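Sequences are here, hints too, so could you generate the full structure?
Positions in the sequence shown are counted from 1; adding 290 to them yields the working numbering.
No wet-lab data here; the hints were simulated from the structure. Incorrect hints may have been included.
[Unchecked claim] Across the chosen pairs, the derived CB separations fall in these ranges:
1. 463 to 650: 44 to 54 Å
2. 376 to 610: 48 to 58 Å
3. 632 to 560: 15 to 25 Å
4. 664 to 478: 16 to 26 Å
Quick caveat, the model's predicted, so the values are computed rather than measured. Even for Gly, the Cβ is constructed at its ideal location relative to N, Cα and C.
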Amino acid sequence: MNMMNQYLRHPRSEPDIVSERIAKYVSDLIENESTLQIGIGTIPDAILNYLADKRDLGIHTELLTERVVDLVEEGVVTCAKKTINRGKIIASFAMGTRRLYDFVDNNPMVEFYPSDYVNNPFVVAQHDKMVAINQALEVDLTGQVCSDSLGYRFYSGLGGQADFMRGARLSKGGKAITVLPSTANDGRISRIKDFLTKGAGVVLTRGDVDYIVTEYGAAYLRGKTIKERVLALISIAHPKFRNKLLEWAKKHNYVPKEIMPFPEVEYPEDLKRYITLKDGSRVLLRPIKPSDATLKQHLFYTLSKESVKRRFFGSLDLMPLRRIWPYVIVDYINEMSIVGTVTENNNEFMVALGSYSRIPGTEKAEVALVVRDDWQNKGLGTAIFNYLAEIAKSRGIKTFTAWVLIDNARMMHILKKSGYPIRYRVDGNLFYIEIDLTKT
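Following this line, the structure appears as structure tokens:
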């Protein structure tokens, strides 16, 4: 730093609640030993506050900020597992307080290179688990991203955003993440838009982004159809704009007309939980989303004929999406579905599903459960049933009812193992069962 005679000081700004919620979602996407590029903006900077539980992160970024100093001192950023430039923080420039400039001065861990090296997508792609995180101004329902202009008025330049995002997508295990608040102008307009504002430029195409993240969640877009993209992005828009976006998408045939309106409620993020099964497998239990229709369809087609018979009381060869739509849009109070999912190569797979639906005017709800054959006998069905019961009780439901085939020994085992009193009667080849949730 001896060639500079004056430093530009840029004090760190404190993130707001929206930025912190987005940062939490993004931190969940970052694995240990990832290499990070963090773009300019309050949200990318806030993300660095949520990485304290990570290990051996690396940095290969255009801009270096003061929060990275904290992560180095905390032992989070070591660069020890980087695929190239191992042990080194690589950047093109730094901007922050005197503390940051003192940190980089004559520090052998920090190396600055021109942008033609740092931003080169093919250099970026050489890092395994490269994660590029950049902020946008608006995103359309198909996943096109504008980050440099407000209509015809240019807000900023392109910078290295496209280079890093494309490099991350080429990286082994890499992720390209776009972040933005769901609204602008004090909540008056949605940043998730039916189409980009007239005059806005497409900085990132539909093929440049893996995840779009707002304060309402993360939408995974890689390899998704237009229909799947639209539903995923509507799901992370502000609740008050979701049905307007849905109606526009229906009008333009992006999604089927029979999709029901979205309930104007927030997704119950607090109901997400990870469980570890008897064989050591880790499964995410979470409430269902409207964008899960295809996952639910895939679950059906992986079931054996015997599992289909036990769940639907007969043979069933087809499960068209039109039959699924009504069951993926729920109010999370009187209707609830908990899915069990696992992730492989950034793709989420549904391996189990449990649901209840309140019987109108009562404190009873009908419950149903299905587990993919290769995930049975691991305790997953029991875990989902018990979790559904816990949620139902918190919503004033006192009794579960169920219809179960007499020869469905697995389901009967789950119910008996739950610890709740059950009573049943025989009706043909079915048991009608009532489970008292008020006693254990």
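Consistency of the hints with the structure:
1. 463 to 650: 44 to 54 Å: 48 Å, holds
2. 376 to 610: 48 to 58 Å: Distance hint for residue 376, residue 610 holds at roughly 51 Å.
3. 632 to 560: 15 to 25 Å: 21 Å, holds
4. 664 to 478: 16 to 26 Å: Given range 16 to 26 Å: violated, Cβ gap about 49 Å.
Hint 4 from the list above is the single one not met by this structure.
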